[in-house]
Each structure stands twice: as structure tokens, then as C-alpha cells.
Amino acid sequence: MDELIKQNELLLKENDYLDSFVKRFKDEEENVPDDVPNTLLNPGNKLAIALLEAVALERQKEEMNKVFLEDTIRQKAMIIAAEQRLATLRRLMFQFQREVLQDQQISNTFAENEGGVQQIIHKMPKQVTASSLLQFYEKQTTNLQVVAEQSAKSQKNLQDQIQVARKQSDKNNRQAGLSQIDFEQLKIENDKLQDKVATRNQEMLRIKLSAGNCMRLLNEYKNDLHKICENKKKYDQEVNQKQTLIKQLEERIVVTRKDLDVDNKQLQVLRQKEIFAHDGPQSVDYLSLKVTQTTLEKAVKEMERKIAIKEREINNMKNK
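Numbering (UniProt numbering), first residue to last: 1 to 320.
A few of these clues could be false.
No more than 27 Å apart at the CA atoms, straight line, and that leaves these computed lysine-lysine pairs for BS3-like [said to hold, decoys possible]: (1) Lys76 to Lys153; (2) Lys273 to Lys301; (3) Lys258 to Lys242; (4) Lys258 to Lys290; (5) Lys310 to Lys242; (6) Lys208 to Lys196; (7) Lys301 to Lys318; (8) Lys310 to Lys247; (9) Lys258 to Lys318; (10) Lys273 to Lys290; (11) Lys167 to Lys153; (12) Lys233 to Lys222; (13) Lys234 to Lys273; (14) Lys139 to Lys153; (15) Lys66 to Lys76; (16) Lys232 to Lys318; (17) Lys156 to Lys167; (18) Lys247 to Lys306; (19) Lys290 to Lys301; (20) Lys247 to Lys233; (21) Lys290 to Lys306; (22) Lys234 to Lys247; (23) Lys265 to Lys310; (24) Lys258 to Lys310; (25) Lys247 to Lys318; (26) Lys310 to Lys290; (27) Lys301 to Lys265; (28) Lys222 to Lys234; (29) Lys318 to Lys227; (30) Lys192 to Lys208; (31) Lys139 to Lys156; (32) Lys306 to Lys242.
These aren't lab readings, by the way, just hints derived from the structure by calculation.
Modelling step: build the complete structure from the supplied sequences, incorporating the hints.
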């Protein structure tokens, strides 16, 4: 019923406003002279005005929604705070009954008053000790101090966060407030840095190419070095073989020279025997001795020729 009455009153007020507007509009039309030029708006102007009004109304709607949301959040926060305080009071009441009133079972009774509302009736003890009451208040005071310290720390942290957020906001605002000249200057510097980066990239590419060429040359030198090492091993083996052969030849030369000395001594002995012999040898003995002498001389010449050949071979090997 009350709601209907309020709606009726609102309708009556709207009718009064409409009547006053119509009356004022008629008065203005009567006061307008006949020679007033036609200033009626065309459809395009009306559409532009309607769009502007729609944008303004939409903005106003967003602001009202924001205010409504803030009020709702504030009311919910107040309700939550009130509920937390009520829970704290109930907890304190429970602790007071258990610790001070020494009501371990917390036996509560309910009684109905005249309005039909139930009320809690606590059983009061016969006596309350001052020490338990004082201990309870000290405990609660300590808890409140701890809560106050925690709240102070939380508030300090929030203030620090707010300061950091403000500094960041100021920094963002300063960055957003750069003028066109600063933007052009930054653009020029950016172009210079990009040119430097391009130059450095070209240098880096050239260095990479040089490094690739160096690595290729090093690999070639490494392969050549391996080949040289293999050839050195082969040459060392050949040198060892030739040195062994030279030693064998030298030993043979020494043995041959010893044999040659022995043959020369025998030849000299035979010549001396032939010279100092009193009786002339028989023709057969003389011929045999002559043949032996000729054979020995040929053998000596052959040995000398072989020795000369071996010496030349040894000299050639040493020269190599």
C-alpha cells in the first residue's frame, strides 16, 4: 500500500512538471515575433545531438554504476566488519564465562518475553575472584596490543605499497607527458642506435666470416701436419733401415779388408819364396804358382772394386 502511494505521488509530480513545461513553451511561442528566421534543426543535427546526449547518458550511467558499486562494496565491508566485531564479542563472552565466571559447561537457558523473542539467561556464579578477572583483562589487553601491532605493520606495508604505486603512477604520468620534441629526440636517438646496431652486426658478420676462414686454414694446416708426421715416420723408418744397412756394409768392408790383408801377406810370402828359392821350381809348380798369383791379384782387384762401390753407396746414403 505504501509503495502504491509513493508511485502515485511521483506520477502527480511528473504531471505538474509536464504542465509547467507546456505552459512555458506556449508562452515562449506567443512572445516570438513573426519575422524570426527559421532555426529548426535538420535531421543530421538532431542525430548528432542525440548521439552526444547518448554518450553523456552512457558516461553518467557508468559513473552512477561506479558509485553504486563503491557504495555496495562499502556496505559489504561495513557488514563484514560488524560481523567480525560480533564474532569477537561472542568469543570474548565465551572466554569470560569460561575463565572468569568458571562456567565450564556454559549452561545457558532461554526465556520468552512478551514479544515472543527468546533471550539468553546466564547462570551467574555466587562469587568472582579478582585474580581471574584481572588475568582475563591482562590477557585480552595483550591480545589487543598484538592485534594493534599487526594492524600497524599492515598499515605501514599498505602505506609503502601506496607510495610505490604513487611513484610508479608519477613515473608513468611523466612518461606519458613527454612532448613531441622529446619524442622526436628519442626517435632520432633510436635511429642512431639502430644504425650502430646494424654496423656492429656487419662487423660481427665479417668477424664470423674471418673466423670461418681461419678455421678452414687451421684445418688445412692440421691435415698437412698429420701428413708431415706420417711422412716423418716413414722417413725415420727408412733412415733406420739405411743406417742398419750401412752398419752391415761397414762390417763387411772391415771383414773384406782383413781378408785382403791376409791375401796380400800370403802373396808377399809366395813372392819372397819364389825370389829366394835356390833351386828353380819345376815348370808345373811354377805355372801353378803363377796361376795362383794371377787369381789372387784378380781377387784383390775385385775386392778393391767392391770396396770402392760400397764406399760410394755409403757416401750417397749419408748425403741423402
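Consistency of the hints with the structure:
1. Distance check on the hinted pair: lysine 76 and lysine 153 sit about 24 Å apart at the alpha-carbon level, within 27 Å; holds.
2. Restraint check for lysine 273 and lysine 301: satisfied, since their Cα atoms lie roughly 23 Å apart, inside the 27 Å limit.
3. Distance hint between lysine 258 and lysine 242 is fulfilled; the C-alpha atoms sit about 24 Å from each other, no more than 27 Å.
4. For a cut-off of 27 Å, the pair hint linking lysine 258 to lysine 290 stands: about 23 Å separates their Cα positions.
5. Between the alpha carbons of lysine 310 and lysine 242 the distance comes to roughly 13 Å, so the proposed pair stays at or under 27 Å and holds.
6. In summary, the hint linking lysine 208 to lysine 196 is supported, as the alpha carbons are separated by about 18 Å, within the 27 Å threshold.
7. Distance restraint check for lysine 301 and lysine 318: the Cα-Cα separation of roughly 26 Å lies within the 27 Å cut-off, and the hinted pair is therefore satisfied.
8. Our distance criterion of 27 Å between C-alpha atoms is met by lysine 310 and lysine 247, whose separation comes to about 11 Å.
9. The straight-line distance between the Cα atoms of lysine 258 and lysine 318 is roughly 24 Å, inside the 27 Å bound, and the hint therefore holds.
10. Note on lysine 273 and lysine 290: the hinted pairing holds, with a Cα-Cα distance of about 13 Å set against a maximum of 27 Å.
11. Between lysine 167 and lysine 153, the direct Cα distance comes to roughly 21 Å. Compliance with the 27 Å bound is thereby established for this hinted pair.
12. The straight-line distance between the Cα atoms of lysine 233 and lysine 222 is roughly 17 Å, inside the 27 Å bound, and the hint therefore holds.
13. Using a Cα cut-off of 27 Å, the hinted pair lysine 234 and lysine 273 is violated, with the two alpha carbons roughly 58 Å apart.
14. Proximity of lysine 139 to lysine 153 is assessed by CA-CA distance (about 21 Å); at most 27 Å being required, the pair is judged to hold.
15. For a cut-off of 27 Å, the pair hint linking lysine 66 to lysine 76 stands: about 15 Å separates their Cα positions.
16. Taken as a hint, the lysine 232 and lysine 318 pair is honoured in the structure, with Cα atoms around 17 Å apart against an allowance of 27 Å.
17. Under the criterion of a C-alpha separation no larger than 27 Å, the hint pairing lysine 156 with lysine 167 is consistent with the structure, at around 16 Å.
18. This hinted pair checks out: lysine 247 and lysine 306 have alpha carbons roughly 16 Å apart, not beyond 27 Å.
19. Straight-line distance between C-alpha atoms of lysine 290 and lysine 301 comes to about 16 Å, which keeps the hinted pair within the 27 Å bound.
20. Only pairs whose Cα atoms come within 27 Å are accepted, and lysine 247 paired with lysine 233 is accepted, the gap being roughly 21 Å.
21. The suggested pairing of lysine 290 with lysine 306 holds, with an alpha-carbon distance near 24 Å, which does not exceed 27 Å.
22. The straight-line distance between the Cα atoms of lysine 234 and lysine 247 is roughly 20 Å, inside the 27 Å bound, and the hint therefore holds.
23. The straight-line distance between the Cα atoms of lysine 265 and lysine 310 is roughly 24 Å, inside the 27 Å bound, and the hint therefore holds.
24. Distance restraint check for lysine 258 and lysine 310: the Cα-Cα separation of roughly 16 Å lies within the 27 Å cut-off, and the hinted pair is therefore satisfied.
25. As the CA atoms of lysine 247 and lysine 318 are separated by approximately 12 Å, the hinted pair is consistent with the 27 Å bound.
26. For the hint linking lysine 310 to lysine 290, the alpha-carbon distance of about 30 Å lies beyond 27 Å, and the restraint is violated.
27. Only pairs whose Cα atoms come within 27 Å are accepted, and lysine 301 paired with lysine 265 is accepted, the gap being roughly 15 Å.
28. Pair hint lysine 222 plus lysine 234 holds up; C-alpha atoms about 18 Å apart against a cutoff of 27 Å.
29. A distance of roughly 25 Å separates the Cα atoms of lysine 318 and lysine 227; the hinted pair therefore holds under the 27 Å criterion.
30. Only pairs whose Cα atoms come within 27 Å are accepted, and lysine 192 paired with lysine 208 is accepted, the gap being roughly 24 Å.
31. Taking the CA atoms of lysine 139 and lysine 156, the gap is about 26 Å. The hint holds against a cut of 27 Å.
32. As the CA atoms of lysine 306 and lysine 242 are separated by approximately 19 Å, the hinted pair is consistent with the 27 Å bound.
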